[in-house]
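A.B. asks: The chain contents come next:
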Amino acid sequence: EPEVTQTPSHQVTQMGQEVILRCVPISNHLYFYWYRQILGQKVEFLVSFYNNEISEKSEIFDDQFSVERPDGSNFTLKIRSTKLEDSAMYFCASSEFRATNEKLFFGSGTQLSVL
Amino acid sequence: GDSVTQMEGPVTLSEEAFLTINCTYTATGYPSLFWYVQYPGEGLQLLLKATKADDKGSNKGFEATYRKETTSFHLEKGSVQVSDSAVYFCALAQGGSEKLVFGKGMKLTVNP
Chain L
1 EPEVTQTPSH QVTQMGQEVI LRCVPISNHL YFYWYRQILG QKVEFLVSFY NNEISEKSEI
61 FDDQFSVERP DGSNFTLKIR STKLEDSAMY FCASSEFRAT NEKLFFGSGT QLSVL
Chain F
116 GDSVTQMEGP VTLSEEAFLT INCTYTATGY PSLFWYVQYP GEGLQLLLKA TKADDKGSNK
176 GFEATYRKET TSFHLEKGSV QVSDSAVYFC ALAQGGSEKL VFGKGMKLTV NP
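Those protein sequence lines, which keep their order, are chains L and F.
Position 84 of the first sequence, counted from 1, bears residue number 84 in the numbering used here, the numbering being contiguous throughout.
Position in the second sequence (from 1) plus 115 gives the number in the numbering used here.
No wet-lab data here; the hints were simulated from the structure.
Some hints here could point you the wrong way.
As the list claims (entries may be wrong) - In the SDA-like style, the derived pairs of lysine to any residue whose C-alpha atoms are separated by at most 20 Å in a straight line are:
(1) F:219 x L:44
(2) F:219 x L:37
(3) L:83 x F:128
(4) L:103 x F:128
(5) L:57 x F:175
(6) F:192 x F:128
(7) L:42 x F:175
(8) L:57 x F:212
Stated by the list, open to error - To spell it out: a stretch of chain L is covered by chain F in this simulated footprint if at least three of its residues, at any positions, have a beta carbon under 8 Å from a beta carbon of chain F; those stretches are:
(9) 14-20
(10) 27-40
(11) 55-66
(12) 81-87
From a predicted model like this one, the values you see are computed outputs, not experimental measurements.
Backbone N, C-alpha and C fix where the C-beta goes; we use that ideal spot for every residue, glycine too.
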């Protein structure tokens, strides 16, 4: 079965540094998402992306965050100036149709540790 | 806002035991309800879903029924296997929104 690929699996960064998390969605999918899970807490929606623009974002997704699909295959999440509280597992997901009606395919996640 | 509450884990069962994972939700209207599963080293994947009240979702021996009156979507399996060891997430989605609202997840370990 096709899968969503995320790299790296674990990223360590210093507070205040920029970090880019990378994802390769399934090739024929049109909808892309980022979620995160802080240790011991719920999986939280960050942003959805369709037709090269953000279609929905949460309160968490402030000006420090941005998303991009730079080359038609990768989907990236950038955090401009990381904070300690950004430490979490970040999940990328994609779907062929709008996610509430069709299943999401998730990557295995990138564990971000901000020191 | 909308929210999902799952029973706390982790839970350890013996093979062939009966499994119930409780999930309740708070939401306006009639959300769709989902169970996702994450096997070790893999991403979350859809296990089953139900889109309206009294619908039963089923897959791989797992079942869950959308109960509007109790705002619940409990996951059950009659006889678990070692291969069912994973983290299970309950989630909901509202029509008109792109996002899934997840619970915390519950880790299940099944011993032979």
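A.B. asks: Hint by hint, which ones does the structure fall short of?
C.D. replies: Violated hints (numbers, rising): 3, 4, 5, 7, 9, 12; every other hint is consistent with the structure.
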